[in-house]
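Undergrad: Sequence:
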Amino acid sequence: MAGQSAFDKQQLQEISPEGSVGLLEHLNLPPAVIRYVKKNKKNLQIGAAFAAVVVLSLTMYSSYRTNRIEKASAALAIAMQVTGEERHKGLVAVTADFSGTPSAIWADAEMANDLIAAGKFKEAAERFVVVRKKIGDSDPLHALLSFGLAQAHEASGELEAAALEYKALQKIAGYEGEGFSGLARIYESQGKGKEALAVYEEYLAFFPGQEQNNPAKIALDEKVARLKATL
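With the numbering used here as the guide, the letters of the sequence shown map in order to residues 2 to 232.
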């Protein structure tokens, strides 16, 4: 006679949740929790499945974005290695094919710099403004774009707009020098010697005593002395 099957109906009845202590009981969960889980078993299973799908989707998106960023970086590097029309086409392709990536923002900034080099200062300023709006104030590129915008405004004769950008740069770590020097230069070009001198002297306060031989400080001291001699 064949042995009793492990899946015999009587066996199943004996080990069913109704006739024995279940896994939830073995986990020593509170009775209220056990009752809730049993009552909402189907909903909990659906929720778990949904969570799994979300996690999988996020993982796949993260992998896709990482791959896209890497491709964008490679495309930007190639565009930066060439010149002329080929460079321009490469930068445009990066902004079009990889929109939203850091490389696309950088490519946009490079095109703005190229406009400055070509003497198209107003167009450069317009592009810098558009690109800067795409990023936050805390983005490392924000200060660089602001500096480019200040230079474009200054070169096009829009001195008030340039002065505003240079004043903003004075408050950004690493760009204080560009901010103070740029603003003082504008004041000098406007014949405002006293204002320029005040800006240069304020900038001098950023150099500690041990930096007396710093080339930048030496040049600044010379500018201060020159201005004082003319006032």
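Hints are computed from structural coordinates only; laboratory data are not their basis. Hints may be right or wrong, so weigh each one.
[As the list claims (entries may be wrong)] With a straight-line Cα cutoff of 16 Å, these simulated EDC-like cross-link-like pairs (lysine to aspartate or glutamate) come out:
no. : residue 1 : residue 2
1   : K218      : E161
2   : K72       : E86
3   : K172      : D140
4   : K168      : E111
5   : K121      : E177
6   : K193      : E161
7   : K121      : E111
8   : K123      : D98
9   : K135      : E111
10  : K172      : E124
11  : K224      : E203
12  : K123      : E159
13  : K229      : E212
14  : K168      : E124
15  : K135      : E177
16  : K193      : D140
[Said to hold, decoys possible] Here are the in silico distance ranges between beta carbons for each label pair:
no. : residue 1 : residue 2 : range
17  : I219      : G158      : 27 to 35 Å
18  : V93       : G175      : 51 to 59 Å
19  : G158      : E202      : 23 to 31 Å
Even glycine gets a Cβ: it sits at the ideal position worked out from N, Cα and C.
Undergrad: Each hint needs a verdict: does it hold in this structure or not?
TA: Hint-by-hint comparison with the structure:
no.	hint	in the structure
1	K218 with E161	violated, 26 Å
2	K72 with E86	violated, 21 Å
3	K172 with D140	holds, 15 Å
4	K168 with E111	violated, 23 Å
5	K121 with E177	violated, 26 Å
6	K193 with E161	holds, 13 Å
7	K121 with E111	holds, 14 Å
8	K123 with D98	violated, 26 Å
9	K135 with E111	holds, 15 Å
10	K172 with E124	violated, 26 Å
11	K224 with E203	holds, 13 Å
12	K123 with E159	holds, 9 Å
13	K229 with E212	violated, 22 Å
14	K168 with E124	violated, 22 Å
15	K135 with E177	violated, 23 Å
16	K193 with D140	violated, 34 Å
17	I219 with G158: 27 to 35 Å	holds, 31 Å
18	V93 with G175: 51 to 59 Å	violated, 30 Å
19	G158 with E202: 23 to 31 Å	holds, 27 Å
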